[in-house]
Amino acid sequence: MAYDPSLYESRRRGLTENYAATAAANQYSRTLSQQRGARQRLAALRQYEQAQPQLVRGYSQRNLVSPNVRSGIFNRAMQDFASERARNLSEFDMGQAEQMRGFDLEDARILQQYRSALGDLEMDKAKEIANAARQLFAFRAGVA
Amino acid sequence: MPPVPNPPKGGRGVTTYNPTDPNLADMSPDEFVAWAKKNGLFQYKPTSSVGASAGKATTASDRLAQQKFDYERRQDASESARAERTLAAYQQMLSGGGYRSGMDKILGMIDSQAGTSRGNVQKAYQDALAAIAGGYGTAQDLTSQGYGALEQFLRQNPNNPYANVQVSAGSAPDAMEQLLSAYGVSAEPVRAQVAAEQQAAQQGAAGFQNLLNVLGASAQQSDASRLAEMMMAQNLAGETLGAQRATFRSQAEQAQANALAQIQAQLAQARLEQEGAAVSRRQKIEDAIAAAGGVVPSNSGDGSKKDEGKPPARLVDMLADRAESANPTLKKRIEEFVKKNPNAGMKKIKKEFPKIAATLKG
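Each protein sequence line maps, in turn, to chains A and B.
Take 347 as the starting number for the first sequence in this note's numbering and just add one per residue.
Take 224 as the starting number for the second sequence in this note's numbering and just add one per residue.
Simulated from the structure, these hints should not be mistaken for laboratory data.
In this text, all values refer to a predicted model and were calculated from it rather than measured experimentally.
You may find that some hints are simply not true.
[Stated by the list, open to error] Pairwise CB distance ranges, derived in the manner of DEER restraints:
1. B:L434 <-> A:P413: 20 to 28 angstroms
2. A:R358 <-> B:T361: 51 to 59 angstroms
3. B:L434 <-> A:R416: 44 to 52 angstroms
4. B:A419 <-> A:R455: 30 to 38 angstroms
5. B:R378 <-> A:S379: 52 to 60 angstroms
6. A:Q393 <-> B:G407: 23 to 31 angstroms
7. A:V415 <-> B:Q401: 38 to 46 angstroms
8. A:Q393 <-> B:Q422: 54 to 62 angstroms
9. B:T361 <-> A:R359: 23 to 31 angstroms
We put the CB at the ideal spot given by N, CA and C, even for glycine.
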């Protein structure tokens, strides 16, 4: 069994192409998810921006708020509004971050798998070289 | 029977007998009588006729009988001398080793041929050792290059992609403090809410970092394992090459020993055949000497000059002779054995060197 390095180049090419395709697909999915999240977050912010004047206006119409009036109900409503906004945005951000982490983790896993496969390939190559060297030795010694 | 010569003619046209005629000298008595009768020289009767004629006048027949008698005496003397010369020649051949003439030359040629064959075997052995050494060096270089490239690859490509993943908790949303402040509303509850959310985000990030740490440690362990595998495989390859080299050397030594033993056996066989022929020839000469009534020389020996004055060869000496044509390792073993056991017998030699012992003639 003679050592044929071209076989290893073929395997290496296959591994690299597979890694590149998988990693690129993951990155693309990540980008799409990120953009989608950004749009959704922007829409949520816009909704809160639009809801806030309406909230003040409603309390104002009921004379619960004016330049000289500060009712406890209005104060509580504003605090609840701000808290809910903070919670919703935070939950959305965490959800987005988890999605991004999932993509990052997949990216690292793909890279780790690719490098591991390359290491195995290099190991196989070194072993086959050693095996070929043993056979060559036997030929040179005239016993093969 | 030699051809009967033409009858010599006498002066009166009669056939006469001339004793100096060389043709007659080679004739046996019976031939002579036949010839004389044929030529009418005499009516020969056995010796009684000679005695019967005493006191009578000598006849031609009597003279002829006398001449025949003289002739027979001369013939007997000649034959006796010839037999003595032959006997002496036989004895000389025994005592001088002449019966071995040519044989020693053949033995010399056999020895010379054996020397040449031994030289060829030694050269083949040296060539085999050189090929083994060269092949081993090449194989070792190739193996080192292969594993060297692998080690370089593994060290230059540490496989821990999890270490490069960026983890952050992200920024918490604002608490709308400016807006609340504009309406004179306290932002304190909202700040608490935001802090709680930030803490939750940080916990999530820390959890993810832990996951990455575990995976990274596993990847590093896998890297270390592969490096160890590489070293083990490299060691195994080196050891295998070393074992192969030892095996090949041993095979070459064995082949050399077998070839030398075969040469030695063939040499011994050839010598045996020549010596057997010499013994056979010597025995025939001795038989001839005995048949001729001679005495076999007591100091004749086997006539071989090289063996003169030598005691019979001992087994241990024959073993020592084999060391000359053996490979260095075997030679050293034989020399040490002979040194330790100068009087070793076949049993002891056979125990140490069974193959050589089988070829020794003791």
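How the hints compare with the structure:
1. B:L434 <-> A:P413: 20 to 28 angstroms: violated (54 angstroms)
2. A:R358 <-> B:T361: 51 to 59 angstroms: At 26 angstroms between Cβs, range violated.
3. B:L434 <-> A:R416: 44 to 52 angstroms: holds (48 angstroms)
4. B:A419 <-> A:R455: 30 to 38 angstroms: With Cβ atoms ~32 angstroms apart, the hint holds.
5. B:R378 <-> A:S379: 52 to 60 angstroms: violated (36 angstroms)
6. A:Q393 <-> B:G407: 23 to 31 angstroms: holds (25 angstroms)
7. A:V415 <-> B:Q401: 38 to 46 angstroms: Once the Cβ atoms are compared, 21 angstroms apart, the range 38 to 46 angstroms for B:Q401 and A:V415 is violated.
8. A:Q393 <-> B:Q422: 54 to 62 angstroms: violated (26 angstroms)
9. B:T361 <-> A:R359: 23 to 31 angstroms: holds (30 angstroms)
The structure does not agree with the numbered hints 1, 2, 5, 7 and 8 stated previously, though it agrees with the rest.
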